Amino acid sequence: MYRSHVLVCGGTGCTSSGSAQIAEKLKSEIRRQGLEKEVAVVKTGCHGLCALGPIMIVYPEAVFYSMVKPEDIPEIVEEHLLKGRVVERLVYQETVGSDGIKSLKDTDFYRNQHRIALRNCGVINPEDIDEYIGTRGYEALGKVLTEMTPDQVIQTVLDSGLRGRGGAGFPTGMKWKFASGNRGNVQKYVCCNADEGDPGAFMDRSVLEGDPHVVLEAMAIAGYAIGASQGYIYVRAEYPIAVERLKIAIGQAREYGLLGKDIFGSGFDFDIDLRLGAGAFVCGEETALMTSIEGNRGEPRPRPPFPAVKGLFESPTILNNVETYANIPQIILNGAEWFASMGTEKSKGTKVFALGGKINNTGLVEIPMGTTLRTVIEEIGGIPNGKKFKAAQTGGPSGGCIPAEHMDIPIDYDNLLSIGSMMGSGGLIVMDEDNCMVDIAKFFLEFTVDESCGKCTPCRIGTKRMYEILDKITKGQGTLEDLDKLEELAYYIKDNALCGLGQTAPNPVLSTLRYFREEYIAHVVDKKCPAGVCKSLLTYKIDPEKCKGCTLCARNCPAGAITGSVKEVHSIDPAKCVKCGACMEKCRFNAIYKD
Amino acid sequence: MERKQTAAFQGTDQQEKELLAAIEELKIEKGCLMPIMQRAQDIYGYLPMEVQKIIADRLGIPMEKVYGVATFYSQFNLYPKGKYQISVCLGTACYVKGSGDIYNKLMEKLGIKGGECTADGKFSLDACRCVGACGLAPVMMINDEVYGRLTVDELDGILEKYQ
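Heads up: the sequence lines are chains A and B, in that order.
When the first sequence is numbered by my numbering, its final residue is 637 and no position is left out of the sequence of numbers.
When the second sequence is numbered by my numbering, its final residue is 161 and no position is left out of the sequence of numbers.
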């Protein structure tokens, strides 16, 4: 029996900021103080507050240390773990109140959250199946196998109102129902989409790293519901920690008889294999993902036939995303009504968002559907340096930019669609006044051009032409006619592309045209980039008030565009300037500015 | 197609033995081609034509199919990479925090373009899409080492560690 547990985050974010060294140092310091029988060190999954990594929490008192460095460890071990005095200097400052240390749950970041999918992330050791079982893990699987019929399972998922968390928001129960016919007579498959390709979204990775068994359990439940005996998890190869923990989890589940033959003595067989992606965004699309598991180029197939009829290896297949699965065991244990009591009329439960970009608390948050964007961005996230919020991008390359005027809209699937964006997998990137919307649209189109599989013409050629027009505009060569052409092309691609990737590719352009048209006009008509991002439209100038004539800029200019003698005001020749910004970087007096 | 400068194939008998064993082990599974190619890349570090040909022959499938898969996925390399592989994340969260500048600066410092390798075989540079460390944006990786909260000024110091 340990008197104290120290939880060290082992998610990708904290591992990148050095949590593995922290854990090692902790263990050796604890040994040095002779506390190894009293204090246990547990490596957990992601806590969500990646911005403050590496993170560690000391239980039972739940003291939250942030941005811990190896050299802090001896002090923490000696003061806190040995003598019981919290090292206030290193505690997350939000938790330090006037009357002592407050609970993490009362901080701005966590107060508005409600964790279902992320329930175990940062709480249990993901490499130990017993810890998962200790938090009611595999109880839901036991319940469905011994107390429920497959149809009752599907009805429960239907009644809960759970919709797919991977992007499109299709009702999960419906998907299962479509694939449920002819149980026992045909080979069927249950697949998990862990090919989280939307740049800026990492909730699936966190679930896989922090609570891998929940996905295995939910897939087995789905297998029982539709009558499948084999599952595949298709996971990005870019997530080595997640892959490793899944392998460990599958091995342990097999050893405990929770995967394999005759699970819980019910006669139900189910096993899961891993398949690694190889870096293709389109493989997040369901038919492309299945084509890829089959060992082919991951190109999408036309639907119908839908995967529920003819999917992987031509057999009926269901495919759900990681976060969707993470909700299933809780729905089984707590009932459909419990889940349906959260959220809005058509979007039930919670959604995990990955906050990124120009925001203080970058990381993962899980909020009830219907929470406003303002709560997420201003209360949970916080905009740094007093900058002005400009837009929030949701839905990744398939989504759109939401301007400040829609900040009070309750977040759910239908509301986001109505304002020209989409839920997507839950990436939420905040942009401020220093981000150029035309440049952002171009960035996403460049991404789609790069990732288009090339199978259908509207996507392969259409997105390329859109990119070229945007490129022209950011170089100051665009015309008003180009804006019309851009819009026409966008609608054409939306209507005619083969798969979801192509059909949604124009969204970043359409939404920025809708809400930030004046910024496009500024590029086209005034030949200016108001945010100061598009290089061709900028001129570098020297402020004569501030210039001391130190000659540093002139010596660093690669184009010889700066003239002036010592102790006299310098000037930049716009005809020679290549806009590299080297002068501005070097100037010690902030005398050089972009106009 | 633009052909890149590359070194001649120098596979050893030991590597070939490992590859053949991997093919034998995996070929009974459905959809085994990608797992085999991933294993082959682990063994050789990249997938030159010679290796693709062994796989095609052993599986009894056309070379065109192997090449088609190899060129579809960005993680399969047809050319050898540098001893130190630099990849700069150009995912959205990193991009809005200036990873584009980091990428451009590295091209300038190393004198190569994205997807290329320095003449001494030391550094190769690639752009990648989101390593999932968005909390630390902007991020780059050198082999398995992650560098987060980067600024352009830090690049010299970091590259120096690998000289």
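Please keep in mind that the hints were generated in silico from the structure rather than gathered at the bench.
From a predicted model like this one, the values you see are computed outputs, not experimental measurements.
The reader is advised that the hints may include incorrect statements.
Stated by the list, open to error - Computed beta-carbon distance windows for the label pairs:
1) S145/A <-> K81/B: 42 to 50 Å
2) D513/A <-> M47/B: 29 to 37 Å
3) D315/A <-> G43/B: 35 to 43 Å
4) N427/A <-> K51/B: 37 to 45 Å
5) K51/B <-> K636/A: 31 to 39 Å
Unchecked claim - Per the computed footprint, the stretches of chain A lying under chain B, defined by three or more beta-carbons under 8 Å from a beta-carbon of chain B, are:
6) 50 to 58
7) 129 to 139
8) 155 to 169
9) 595 to 608
In this text, a Cβ means the ideal position worked out from N, Cα and C, and glycines have one as well.
Structure-inconsistent hints, enumerated in ascending order: 3, 4, 5, 7, 8, 9
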